[in-house]
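Student: Residues per chain are reported as follows:
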Amino acid sequence: MTPEAADVLKGAIALVGYGLAAVGPGIGIGIVVGNAIQAMARQPEAAGMARTTMFLGIAFTEALALIGFVLFFIA
Amino acid sequence: MESVILAASECDVSEEIICAPKDVLELFFFEDALFTIGGFNFTRTVFLIFLAMFIVLGLLYFGLRKGEKVPSKFAAAIESLVTFVKEDIAIGIIGPEGVKYAPYLLAVFMFVIVGNLFEVTPLINFPITSRMAIPLFISLVTWVIFVFVGFKKNGISYLTGLIWPKSVPIALRWLVGIIEFVSTFLLRPVTLAVRLFANLVAGHLMLTLLLASGWIFISSVGDIGARAIIGLPWFVFGLGIYLFEIVVAVLQAYIITLLSAVYVQTSVHPEH
Chain S
1 MTPEAADVLK GAIALVGYGL AAVGPGIGIG IVVGNAIQAM ARQPEAAGMA
51 RTTMFLGIAF TEALALIGFV LFFIA
Chain F
1 MESVILAASE CDVSEEIICA PKDVLELFFF EDALFTIGGF NFTRTVFLIF
51 LAMFIVLGLL YFGLRKGEKV PSKFAAAIES LVTFVKEDIA IGIIGPEGVK
101 YAPYLLAVFM FVIVGNLFEV TPLINFPITS RMAIPLFISL VTWVIFVFVG
151 FKKNGISYLT GLIWPKSVPI ALRWLVGIIE FVSTFLLRPV TLAVRLFANL
201 VAGHLMLTLL LASGWIFISS VGDIGARAII GLPWFVFGLG IYLFEIVVAV
251 LQAYIITLLS AVYVQTSVHP EH
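Chains as they are written, first to last, in my numbering: chain S, 1 to 75; chain F, 1 to 272.
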């Protein structure tokens with residue numbers, strides 16, 4: 001394999017890897033936000049607390065996708 | 001214009017459909033220093049760090065100074081920002097003793113929000129938090145604070161409580177202990193820094209690619225004729241991302257402050 005072809009292939013594999021890394025956090029953020037909305041709808045007086053916790057949950061879940069994004073550039 | 005838009009300096013508008021830089025890693029290299037004083041290299045980023053510092057100091061000084069009987073709208077806005085960090089983040093997360101950490105959290109919040117908003121400030125368009133040094137330094141300071149507070153409040157039981165948790169069945173304690181130790185002392189500062197860094201890099205990269213592509217295609221309409229229409233969807237998409245990035249900039253400043261408070265809270269009350 002020529003070096004150019006190897007470079008192209010490496011970039012393509014890194015792109016697929018980032019795609020895979022984005023699947024789990026995507027599902028996770030969906031679950032977090034969905035349940036937070038449910039909590040806010042059921043108990044509107046606790047909406048502030050639910051929102052803060054929701055952002056925390058999003059931040060923790062999102063980290064995985066962002067690490068995948070950084071690895072895409074490092075690869 | 002070409003020298004301003006680093007990413008798109010070499011772009012063959014008659015062949016490609018988006019102006020991506022030849023090697024994206026170029027965006028992460030250090031810029032050449034503008035000048036050097038006593039071993040310190042002054043680059044554009046350094047100037048922006050000082051600019052952010054003076055903006056934060058100015059906002060807080062003019063917003064919170066005493067003397068006016070009726071606070072102006074500007075003073076009220078700054079005051080509500082400070083109250084938000086103090087009441088909602090510091091006291092709300094850490095508890096009554098969180099007042100002690102409010103100055104640090106306010107400093108982090110103000111600096112990061114100003115640094116992030118540089119991303120969408122016209123003529124600057126560069127978030128200083130997309131250089132790894134700044135998020136890494138902030139998260140290391142947070143790391144030092146929560147480790148120090150943990151040992152000060154709980155003594156050596158802070159460490160033993162982490163690596164030998166009493167509430168876990170004895171057969172699993174070593175495993176949970178290893179996971180807790182690694183995640184608390186090694187992964188926390190890394191993920192805290194990478195979260196802010198990667199969000200801002202992703203946003204900055206996307207804005208650069210889309211808006212620069214749009215601008216270059218549309219401005220070269222004389223050379224390529226009808227092909228310049230490619231630039232229009234890039235430009236519109238870029239403007240949409242621009243609005244989204246304003247939200248991301250504010251949200252990430254909030255999240256790094258919130259997580260710093262949560263990490264300090266887990267050291268103050270390690271059982272919960």
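Bear in mind the hints are in silico, worked out from the structure with no lab data behind them. Beta carbons are placed, not taken as given, at the ideal position from N, Cα and C, and that holds for glycine. Just so you know, not all the hints are guaranteed correct.
Pairwise CB distance ranges (calculated) [to be verified]:
# : chain 1 : residue 1 : chain 2 : residue 2 : range
1 : F       : A171      : S       : M1        : 22 to 30 Å
2 : S       : I31       : F       : F35       : 49 to 57 Å
3 : F       : I37       : S       : V23       : 46 to 54 Å
In the SDA-like style, the derived pairs of lysine to any residue whose C-alpha atoms are separated by at most 20 Å in a straight line are [claimed, not checked]:
# : chain 1 : residue 1 : chain 2 : residue 2
4 : F       : K86       : S       : M49
5 : F       : K86       : S       : A50
6 : F       : K86       : S       : T61
7 : F       : K152      : F       : E97
8 : F       : K153      : F       : I91
Student: If a hint holds in the structure, say so; if it doesn't, say that too.
Tutor: Hint by hint, here is what the structure shows:
With their beta carbons about 49 Å apart, A171 (chain F) and M1 (chain S) fall outside the hinted range of 22 to 30 Å. Range check, I31 (chain S) to F35 (chain F): Cβ separation about 52 Å, and the 49 to 57 Å hint holds. Between I37 (chain F) and V23 (chain S) the beta carbons are some 49 Å apart, a value that agrees with the proposed interval 46 to 54 Å. About 16 Å separates the Cα atoms of K86 (chain F) and M49 (chain S), which keeps this hinted pair within 20 Å; it holds.
Our distance criterion of 20 Å between C-alpha atoms is met by K86 (chain F) and A50 (chain S), whose separation comes to about 19 Å. A C-alpha spacing of about 26 Å is found between K86 (chain F) and T61 (chain S), which places the hinted pair above 20 Å, so the restraint is violated. Taking the CA atoms of K152 (chain F) and E97 (chain F), the gap is about 14 Å. The hint holds against a cut of 20 Å. As the CA atoms of K153 (chain F) and I91 (chain F) are separated by approximately 18 Å, the hinted pair is consistent with the 20 Å bound.
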